[in-house]
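Engineer: Protein chains in written order, with my numbering: chain A, 26 to 136; chain B, -16 to 97.
Calculated directly from the structure, the hints in this document are not laboratory data.
Hints are not guaranteed to be accurate.
[Unchecked claim] Simulated pairs of lysine to aspartate or glutamate, DMTMM-like, Cα-Cα distance not exceeding 20 Å: (1) B:K5 <-> B:E50; (2) A:K123 <-> A:E34; (3) A:K123 <-> B:E50; (4) B:K23 <-> A:D77.
[Unchecked claim] Calculated Cβ distances over 10 Å to all of chain A for the following chain B residues: (5) M(-2); (6) N0; (7) K2; (8) I39; (9) C51; (10) G89.
Since the structure is predicted, the reported quantities are computational estimates derived from the model, not experimental observations.
Even for Gly, the Cβ is constructed at its ideal location relative to N, Cα and C.
Here is how the chains run, residue by residue.
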Amino acid sequence: GQNIDQPTEMTATEGAIVQINCTYQTSGFNGLFWYQQHAGEAPTFLSYNVLDGLEEKGRFSSFLSRSKGYSYLLLKELQMKDSASYLCAVSPTDSWGKLQFGAGTQVVVTP
Amino acid sequence: DTEVTQTPKHLVMGMTNKKSLKCEQHMGHRAMYWYKQKAKKPPELMFVYSYEKLSINESVPSRFSPECPNSSLLNLHLHALQPEDSALYLCASSQANSGGYEQFFGPGTRLTVL
C-alpha cells in the first residue's frame, strides 16, 4: 500500500509563497499528482511529476524526488482565491487507474 | 468539450429508495471512475471502468451498483442506502487507466440519506 503524508493546514498572507510538502511510501510508483479543491467543488488538476525535478506552471511549481519519496507544491504570489485544499496523489504501478490521495492540506490565505 | 457532467447536483433519499447518479463525458476518455468524498477528507475510490468493463471494485457494498452503458456514460445505482452513505459522489474520467493520465473530475452529486 501507500502512506502519503502532508500537513493538515497552512496559513500565509496574500502575495507570499507557501510550500506544501508531501512524502509517500509505495511499493510501486507511476507518478505523483497535485490537485486543488475548493470547498464543495470538484478537485482540479494542477500538476503531474514522474521524473525527478521541478515542473513550473505559472505561479505554481511542483517538485519530485523519487529516491526520497518526496514532493512539494510551491504556490507563489498567493491570492485570496488560492485558499483551498491541496491534495497530493500517488499513482501506483500495481493498480492501474487507482489514485491514492493524501489527506489534503488546507491553505488559508489572509489579507 | 473538456468537462465531466454529473446529475443530479443534489439528491435526498430515504433508506428504502432506489435512485441513480449519472455521469457523462465527451472527451473520448476510456477510463471512468466513481469516488466518494466525506467532508474534510480526500476522495476515496469506489470503482474504475476501463473500456466499459469494471476493472477495480474497492470492496464497495452491494447497495452501490455501477453501470457503464457506453464509453461516455457512467451510472451509479443506489438501493437501501444507510445514513452514513451521505457524501459527495464524484465521477472522473481519464484517457486510459494506465498510470500518468490526469483524471478530470465532475462537480459531484451531494447525496443525503435520511
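Engineer: I'd like to know which numbered hints this structure contradicts. Please list them from smallest to largest.
Structural biologist: 2, 4, 8, 10
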